[in-house]
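Asker: This is what each chain is made of:
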Amino acid sequence: TQLLEQSPQFLSIQEGENLTVYCNSSSVFSSLQWYRQEPGEGPVLLVTVVTGGEVKKLKRLTFQFGDARKDSSLHITAAQPGDTGLYLCAALTESNYQLIWGAGTKLIIKP
Amino acid sequence: IAGITQAPTSQILAAGRRMTLRCTQDMRHNAMYWYRQDLGLGLRLIHYSNTAGTTGKGEVPDGYSVSRANTDDFPLTLASAVPSQTSVYFCASSRTSGSGYNEQFFGPGTRLTVL
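First to last, the protein sequences are chains A and B.
For the first sequence, the working numbering assigns the number 13 to the initial residue and increments by one for each residue that follows.
For the second sequence, the working numbering assigns the number 4 to the initial residue and increments by one for each residue that follows.
If you are wondering where the hints come from, they were derived from the structure by calculation, not from laboratory data.
Note that beta-carbon positions come from the ideal geometry of N, C-alpha and C, so glycine has one too.
Among the hints, erroneous ones may be present.
Listed below are the simulated SDA-like cross-link pairs for lysine to any residue, each with C-alpha atoms no more than 20 Å apart in a straight line [stated by the list, open to error]:
{"hint": "1", "chain 1": "B", "residue 1": "K60", "chain 2": "A", "residue 2": "T105"}
{"hint": "2", "chain 1": "A", "residue 1": "K82", "chain 2": "A", "residue 2": "S43"}
{"hint": "3", "chain 1": "A", "residue 1": "K82", "chain 2": "B", "residue 2": "G45"}
{"hint": "4", "chain 1": "A", "residue 1": "K122", "chain 2": "A", "residue 2": "L73"}
{"hint": "5", "chain 1": "A", "residue 1": "K82", "chain 2": "A", "residue 2": "T60"}
{"hint": "6", "chain 1": "B", "residue 1": "K60", "chain 2": "A", "residue 2": "Q110"}
{"hint": "7", "chain 1": "A", "residue 1": "K118", "chain 2": "B", "residue 2": "D41"}
{"hint": "8", "chain 1": "A", "residue 1": "K69", "chain 2": "B", "residue 2": "E106"}
{"hint": "9", "chain 1": "A", "residue 1": "K118", "chain 2": "A", "residue 2": "T96"}
{"hint": "10", "chain 1": "A", "residue 1": "K118", "chain 2": "B", "residue 2": "P111"}
{"hint": "11", "chain 1": "A", "residue 1": "K118", "chain 2": "B", "residue 2": "V91"}
{"hint": "12", "chain 1": "A", "residue 1": "K68", "chain 2": "B", "residue 2": "E106"}
{"hint": "13", "chain 1": "A", "residue 1": "K118", "chain 2": "B", "residue 2": "G45"}
{"hint": "14", "chain 1": "A", "residue 1": "K118", "chain 2": "A", "residue 2": "V59"}
{"hint": "15", "chain 1": "A", "residue 1": "K118", "chain 2": "A", "residue 2": "P93"}
Facing chain B, from chain A, some residues (calculated, C-beta under 10 Å) [stated by the list, open to error]:
{"hint": "16", "residue": "G52"}
{"hint": "17", "residue": "E53"}
{"hint": "18", "residue": "G54"}
{"hint": "19", "residue": "P55"}
{"hint": "20", "residue": "V56"}
{"hint": "21", "residue": "L57"}
{"hint": "22", "residue": "L111"}
{"hint": "23", "residue": "W113"}
{"hint": "24", "residue": "A115"}
{"hint": "25", "residue": "G116"}
Pairwise CB distance ranges (calculated) [to be verified]:
{"hint": "26", "chain 1": "A", "residue 1": "T32", "chain 2": "B", "residue 2": "R21", "range": "42 to 48 Å"}
{"hint": "27", "chain 1": "A", "residue 1": "L15", "chain 2": "B", "residue 2": "V85", "range": "24 to 30 Å"}
{"hint": "28", "chain 1": "A", "residue 1": "Q26", "chain 2": "B", "residue 2": "E62", "range": "36 to 42 Å"}
{"hint": "29", "chain 1": "B", "residue 1": "N73", "chain 2": "A", "residue 2": "R72", "range": "38 to 44 Å"}
{"hint": "30", "chain 1": "B", "residue 1": "A17", "chain 2": "A", "residue 2": "G65", "range": "50 to 56 Å"}
{"hint": "31", "chain 1": "B", "residue 1": "A55", "chain 2": "A", "residue 2": "I25", "range": "43 to 49 Å"}
{"hint": "32", "chain 1": "A", "residue 1": "G94", "chain 2": "B", "residue 2": "A10", "range": "28 to 34 Å"}
{"hint": "33", "chain 1": "A", "residue 1": "N36", "chain 2": "B", "residue 2": "G59", "range": "25 to 31 Å"}
{"hint": "34", "chain 1": "A", "residue 1": "K69", "chain 2": "B", "residue 2": "T54", "range": "34 to 40 Å"}
{"hint": "35", "chain 1": "A", "residue 1": "Q26", "chain 2": "B", "residue 2": "T80", "range": "43 to 49 Å"}
{"hint": "36", "chain 1": "B", "residue 1": "A5", "chain 2": "A", "residue 2": "S19", "range": "33 to 39 Å"}
{"hint": "37", "chain 1": "B", "residue 1": "D65", "chain 2": "A", "residue 2": "T74", "range": "39 to 45 Å"}
{"hint": "38", "chain 1": "B", "residue 1": "R20", "chain 2": "A", "residue 2": "G64", "range": "45 to 51 Å"}
One chain only, chain B, in its complex shape (with noise of 0.2 Å):
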């Protein structure tokens, strides 16, 4: 069982190009996250989806998209990427939204840095 892949690794991309981070996950789960992981300030909500078809701003959306076409795929998309938006990327999938009890599961990360 793969749980919650993501691609690429990393990635060293120039500002003012169009980038697209891949996530996907395997466990049937209906919720989808994506954060960033900058030191000192934590992991910050970019987007979320609570089930497929759906999706959400979070704290720190301004830069990014997404889509959730299926249940499987989570896709980030920088449309023109900035220096700012250098970050390690995690995405998460837990099986449902609002719930306490919910448990994120996330995958390995992208480090990109824009330059």
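With the rest of the complex left out, here is chain A (with noise of 0.2 Å):
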């Protein structure tokens, strides 16, 4: 069973600081996607990486790709209350091309 492993699962800290989420796998990827969940809603895609070792940055969120395609990351400098929401890793397999879903993590900016 493939499994990808978000942490931390819940992540409070206050406005102006920076934090890492982390997302990982024994198994390598041909692609990861991160996508944001606020409540009532449903997710909504942030980025999609492909390339071990690939950086992306969207103002002032940095996902990066592991190496070895197994494992990602997500950097926000300066969070801000905005930044509130669950934040999902999602990969594709490459056995049967469906996306599986890290469990996600809680993160609350508070001002």
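Fit the two chains together into the complex; they arrive one by one in their own frames, and the hints show the way.
Answerer: Set out below in structure tokens:
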């Protein structure tokens, strides 16, 4: 069974602080996506990473795909209350081309 | 543009009853998906459809069935609901399937409680 483990499960920090959340697996994936989900809504795609070692930036968010394509991280600089939400990683399996999902990191940014 | 709509928004259902969750997309996407989201378990794929007329089983298909008669609609049916099917159900679509660049677009979800 291919699993995506996200850590931490929950993170509550003050506005202005930096943070990193992780998405790890023992399996190799062809690509990995990060989504953000707000309460009462469905997830919304933030980024897709495909190449091992790839780094993508989206304003204050930096996404990295591990060299071996087994893990990924999301770093937020100077977090703001608007960053509050559930961050989900999802990876495309090479066997049946379906996305598998991590359980998510619930992030709360306090003003 | 509505994107993906789901109905109902929420439902309380007696165990043993039959229930169909509706999902419609207006983006002409080929692929559609049904997920359930439970606290601490993330999103789990129930069934999917790569194109109209075809369906496939996901990670947790037991107790659920789907049909894909046309491109736009992808209903999910619980033939005889059980309490373990209490969850939030999300329908999603993507332009195609099997590509890492494909973004999945999600509906707002249906919160189902089976008593």
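Asker: Evaluate each hint against the coordinates.
Answerer: Status of each hint after checking the structure:
1. Between the alpha carbons of B:K60 and A:T105 the distance comes to roughly 15 Å, so the proposed pair stays at or under 20 Å and holds.
2. Restraint check: the Cα-Cα separation between A:K82 and A:S43 comes to about 9 Å, which is no more than 20 Å; the hinted pair holds.
3. Between A:K82 and B:G45 the CA atoms are separated by roughly 19 Å; this keeps the pair inside 20 Å, and the hint holds.
4. In summary, the hint linking A:K122 to A:L73 is supported, as the alpha carbons are separated by about 18 Å, within the 20 Å threshold.
5. Pair hint A:K82 plus A:T60 holds up; C-alpha atoms about 14 Å apart against a cutoff of 20 Å.
6. Distance hint between B:K60 and A:Q110 is fulfilled; the C-alpha atoms sit about 11 Å from each other, no more than 20 Å.
7. A hinted pair counts as satisfied when its Cα atoms are at most 20 Å apart, and A:K118 with B:D41 qualifies at roughly 14 Å.
8. For the hint linking A:K69 to B:E106, the alpha-carbon distance of about 18 Å falls within 20 Å, and the restraint holds.
9. A threshold of 20 Å between alpha carbons decides the hint, and for A:K118 with A:T96 the separation of about 8 Å falls inside it, so the pair holds.
10. Note on A:K118 and B:P111: the hinted pairing holds, with a Cα-Cα distance of about 18 Å set against a maximum of 20 Å.
11. Between A:K118 and B:V91 the alpha-carbon distance is near 17 Å, which keeps this suggested pair within the 20 Å criterion.
12. Annotation: proposed proximity of A:K68 to B:E106 holds, straight-line Cα distance about 16 Å (limit 20 Å).
13. Taking the CA atoms of A:K118 and B:G45, the gap is near 11 Å; set against the 20 Å cutoff, the hint holds.
14. Note on A:K118 and A:V59: the hinted pairing holds, with a Cα-Cα distance of about 18 Å set against a maximum of 20 Å.
15. Simply put, A:K118 and A:P93 have alpha-carbon atoms about 13 Å apart, close enough for the 20 Å limit, and the pair holds.
16. Taking 10 Å as the C-beta contact cut-off toward chain B, the hint placing A:G52 at the interface holds, the least distance being around 7 Å.
17. Contact between A:E53 and chain B, as hinted, is supported at the beta carbon level, the nearest pair being about 6 Å apart and thus within 10 Å.
18. Because the closest C-beta pair between A:G54 and chain B is about 3 Å apart, less than 10 Å, the hint holds.
19. Because the closest C-beta pair between A:P55 and chain B is about 5 Å apart, less than 10 Å, the hint holds.
20. Proximity of A:V56 to chain B holds as hinted, the smallest CB-CB distance being about 7 Å (cut-off 10 Å).
21. The interface hint given for A:L57 is met, as the beta carbon of that residue sits about 5 Å from the closest beta carbon of chain B, less than 10 Å.
22. Using the Cβ-Cβ criterion of 10 Å, the hint placing A:L111 at the interface with chain B is satisfied: the shortest such distance is roughly 7 Å.
23. The restraint placing A:W113 at the interface with chain B holds, with a minimum CB-CB distance near 4 Å, inside the 10 Å limit.
24. A hinted interface residue such as A:A115 counts as satisfied when its beta carbon comes closer than 10 Å to some beta carbon of chain B; here the least separation is about 4 Å, so the hint holds.
25. Because the beta carbon of A:G116 sits about 6 Å from the nearest beta carbon in chain B, less than 10 Å, this interface hint is met.
26. At about 46 Å, the beta-carbon gap between A:T32 and B:R21 stays in the expected band of 42 to 48 Å.
27. Checked against the given bound of 24 to 30 Å, the beta carbons of A:L15 and B:V85, roughly 26 Å apart, stay inside it.
28. A beta carbon spacing of about 37 Å between A:Q26 and B:E62 agrees with the range 36 to 42 Å that was offered as a hint.
29. Between B:N73 and A:R72 the Cβ separation comes to about 42 Å, which falls inside the hinted range of 38 to 44 Å.
30. At roughly 53 Å, the beta carbons of B:A17 and A:G65 sit within the given window of 50 to 56 Å.
31. Here the CB-CB span from B:A55 to A:I25 is close to 46 Å, well matched to the stated 43 to 49 Å.
32. For A:G94 and B:A10, the hinted distance range of 28 to 34 Å is satisfied, since their beta carbons lie about 30 Å from each other.
33. At about 27 Å, the beta-carbon gap between A:N36 and B:G59 stays in the expected band of 25 to 31 Å.
34. Between A:K69 and B:T54 the C-beta distance comes to about 35 Å, which sits within the given range of 34 to 40 Å.
35. Look at A:Q26 against B:T80: about 47 Å separates their beta carbons, and that is inside 43 to 49 Å.
36. Remark: the range hint 33 to 39 Å for B:A5 to A:S19 is upheld by a beta-carbon distance near 36 Å.
37. Evaluation of the 39 to 45 Å hint for B:D65 and A:T74 yields a pass: the beta carbon distance comes to about 40 Å.
38. Judged by the Cβ atoms, the range 45 to 51 Å given for B:R20 and A:G64 holds: they are separated by roughly 49 Å.
The structure is consistent with each of the numbered hints, conforming to all of them.
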